[in-house]
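Using the sequences and the accompanying hints, generate a full structural model.
In order, the protein sequences belong to chains A and B.
All residue numbers in the first sequence are consecutive under our numbering, ending with 448.
All residue numbers in the second sequence are consecutive under our numbering, ending with 223.
Since no wrong hints were added, every one of them can be taken at face value.
With a Cα cut of at most 20 angstroms, we get these calculated SDA-like pairs of lysine to any residue: (1) B:Lys89 / A:Asp325; (2) B:Lys45 / B:Ala134; (3) B:Lys89 / A:Pro343.
If you want the ones that stay clear, here's a sample from chain A, every Cβ over 12 angstroms from chain B, calculated: (4) Asp28; (5) Tyr42; (6) Ser59; (7) Glu182; (8) Arg232; (9) Pro248; (10) Trp412.
No lab work stands behind these hints, which were simulated from the structure alone.
Backbone N, C-alpha and C fix where the C-beta goes; we use that ideal spot for every residue, glycine too.
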Amino acid sequence: MALADARAICPDLATRPADLATDAAALASLRRWASRYAPMVASDGSDGLMADISGVPHLFGGEADLREDLQARLERAGLAAISAIAGTRGAAHALARHGGGIVADGRLAEGIGRLPVTALRVDHDTAEALARVGLSRISDLINLPRAPLARRFGQGLVMRLDQALGQYAEPVAAEPEAPHFGVRMTLPEPIGLQADVMVGLERLLDRLCAKLAQHRMGARRVRLELRRVDHGAMQVEIGLARPMRDPVRIAALFAKGVDEIDSGFGIDAMRLSVPVVEALAPEQIGGGPTIRHEDALADLLSSIGNRIGFDRVLRLLPADSRIPERSFLLAPAVYTAPEALRHQAGPQRPITLFPPEPVMAVSGSPPASFRWRRMRFTTLRAMGPERITPEWWFDDPAWRSGLRDYWRIETQQGPRLWLFTTPQAQAWQASGGADWYAQGEFA
Amino acid sequence: MWLKVCVTMRVDSAPPDPFSLRPKRVHEAEGRGRRAFALFQAARHSGPLVWILPAHAVEVPMLRGLPKGVGERLHLLRPVNETDLLWCIEEALRAAPVGLVIAEPSQPLSLTAGRRFQLAAEAGQTTGLMLIQTDAGSNATETRWNCEPMASNPDSTLHHWTLKKNKQGTLRSWILNWNGASAAVHMVSEAGERYQPAEPAR
Chain A
6 MALADARAIC PDLATRPADL ATDAAALASL RRWASRYAPM VASDGSDGLM
56 ADISGVPHLF GGEADLREDL QARLERAGLA AISAIAGTRG AAHALARHGG
106 GIVADGRLAE GIGRLPVTAL RVDHDTAEAL ARVGLSRISD LINLPRAPLA
156 RRFGQGLVMR LDQALGQYAE PVAAEPEAPH FGVRMTLPEP IGLQADVMVG
206 LERLLDRLCA KLAQHRMGAR RVRLELRRVD HGAMQVEIGL ARPMRDPVRI
256 AALFAKGVDE IDSGFGIDAM RLSVPVVEAL APEQIGGGPT IRHEDALADL
306 LSSIGNRIGF DRVLRLLPAD SRIPERSFLL APAVYTAPEA LRHQAGPQRP
356 ITLFPPEPVM AVSGSPPASF RWRRMRFTTL RAMGPERITP EWWFDDPAWR
406 SGLRDYWRIE TQQGPRLWLF TTPQAQAWQA SGGADWYAQG EFA
Chain B
22 MWLKVCVTMR VDSAPPDPFS LRPKRVHEAE GRGRRAFALF QAARHSGPLV
72 WILPAHAVEV PMLRGLPKGV GERLHLLRPV NETDLLWCIE EALRAAPVGL
122 VIAEPSQPLS LTAGRRFQLA AEAGQTTGLM LIQTDAGSNA TETRWNCEPM
172 ASNPDSTLHH WTLKKNKQGT LRSWILNWNG ASAAVHMVSE AGERYQPAEP
222 AR
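In structure tokens, the structure reads:
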């Protein structure tokens with residue numbers, strides 16, 4: 006049904022766009038949970054799970070008890086699910102989508118015979134063609150000779166039918182588990198001393214880093230969760246300037262966070278997880294001085310970033326723009342690599358840049374004398390103008406006054422300033438001289 | 022019988038270049054040209070550079086105006102408050118790989134803070150340069166420079182750098198020509214030197 010039709014029938018209909026990514030993630034976590042019933046669990050389409058429970062049901066007291074247990078647990082979790090147990094994957098799939106139930110061993114044909122042919126995972130055209138010749142149920146197909154059936158409706162239908170009846174093998178292909186980077190530890194006695202927590206942390210880190218090394222990954226953020234005996238939970242999270250799996254260096258960054266923790270009556274469980282991982286190839290450790298220096302610099306940036314925030318640890322990166330403010334980027338240092346500045350011809354640039362500040366009491370153009378920051382300046386030499394036009398493809402409020410003429414003004418008093426005027430803005434200004442602004446200072 | 026003679030030669034270890042900052046110590050620069058002085062020093066130090074300036078500071082280094090090779094080595098830290106700024110300075114000084122730590126504290130440095138910086142610089146073998154407001158330094162500093170740009174001829178960029186305080190040497194004043202934005206950073210040989218008596222130390 007189209008959305009417009011549905012709205013016409015029920016005007017108060019609440020609609021929400023489908024979030025396929027979240028659905029898939031939820032199904033994946035459900036699949037992880039369902040592994041309590043079987044070693045091999047695969048997702049089946051976008052809305053189902055398929056488990057190979059060969060040899061499992063007696064652990065739950067039989068197939069019926071297993072299914073009841075599964076249904077009850079899902080219901081308690083608030084999930085409406087239909088389940089079916091059958092001897093083949095095709096039959097279980099068909100039955101689960103048409104009411105569910107259990108097909109007894111060796112009675113597949115009777116169990117799924119009453120279901121419509123669409124339950125056989127055939128495409129829409131084949132199902133329609135079958136309906137046109139009056140074959141609407143699976144039991145109608147079972148007794149027909151296979152060769153004419155295949156000739157008329159294609160090999161696909163026969164294969165699906167054979168799969169449902171167990172004449173054609175179809176294993177459950179469980180996808181490999183994504184590695185989970187998390188370790189935990191429960192303590193027989195609650196601990197409260199900072200040193201004890203750090204020792205526990207080191208043990209967890211050893212295990213975690215071994216696991217990271219095994220999968221060739223490095224941690225980018227590490228989270229330590231602590232559970233107190235009164236069921237209070239605390240967490241300490243640190244960021245790392247680059248992917249890392251060195252337990253000693255990560256433990257050092259936790260020292261400050263662990264120091265601030267209130268342990269209350271004691272901590273009896275610790276959990277360490279890595280919310281963000283990045284690939285990290287095996288590398289030579291304890292190499293030459295270059296590697297050691299890089300490590301030490303990364304440690305410095307990590308510890309500073311964890312205190313003042315990683316968005317305040319910056320690096321200057323060149324950018325392709327003539328606009329002074331946009332000719333370089335202030336980018337977080339831990340997520341970027343240094344980039345050498347390409348040589349650029351052209352007029353000299355100031356060493357410091359600041360937002361434009363109006364220059365007062367200007368006489369002449371270029372100004373022969375002016376006031377700036379409560380100081381009187383007399384111009385000794387003016388170099389310019391260098392005309393910079395705004396980038397029309399960006400709407401920058403600061404550049405709405407049009408193009409700018411930049412001058413390098415050397416003053417009698419010493420400072421060498423970068424002044425600009427906006428010739429386009431003067432045209433519609435009431436009267437008086439041009440507006441001058443200071444934006445930088447030369448060496 | 023052997024007589025062991027120990028001869029201790031006191032070698033004058035003063036560097037030939039008057040502008041090289043004594044390593045493993047923290048220095049101060051004040052005056053309008055202090056940022057130019059900091060960049061001059063940054064170009065002369067190898068290794069990563071750390072420039073710490075408060076988040077509210079409006080004047081940021083402009084990449085295209087920096088001396089060659091400084092921009093890609095520069096790390097800019099912008100802590101929000103003064104406590105974090107002092108902590109960042111100490112932490113950066115204590116880190117071994119950093120070549121030069123440049124910081125712009127917005128409040129006068131206390132003697133305690135200055136002393137802590139010296140200890141951190143010794144521990145990390147790092148040189149520090151504080152860009153301070155005039156007379157807002159601490160007494161623990163190794164040297165204090167007053168840097169002013171000077172009006173000059175069209176072919177030169179003159180600076181007037183005065184050594185106002187020096188714990189292990191004499192005070193002097195130089196007028197020199199350094200084109201801060203040029204690709205090559207070098208001292209021009211005909212730097213004028215003043216031979217009149219310098220001002221008394223503060």
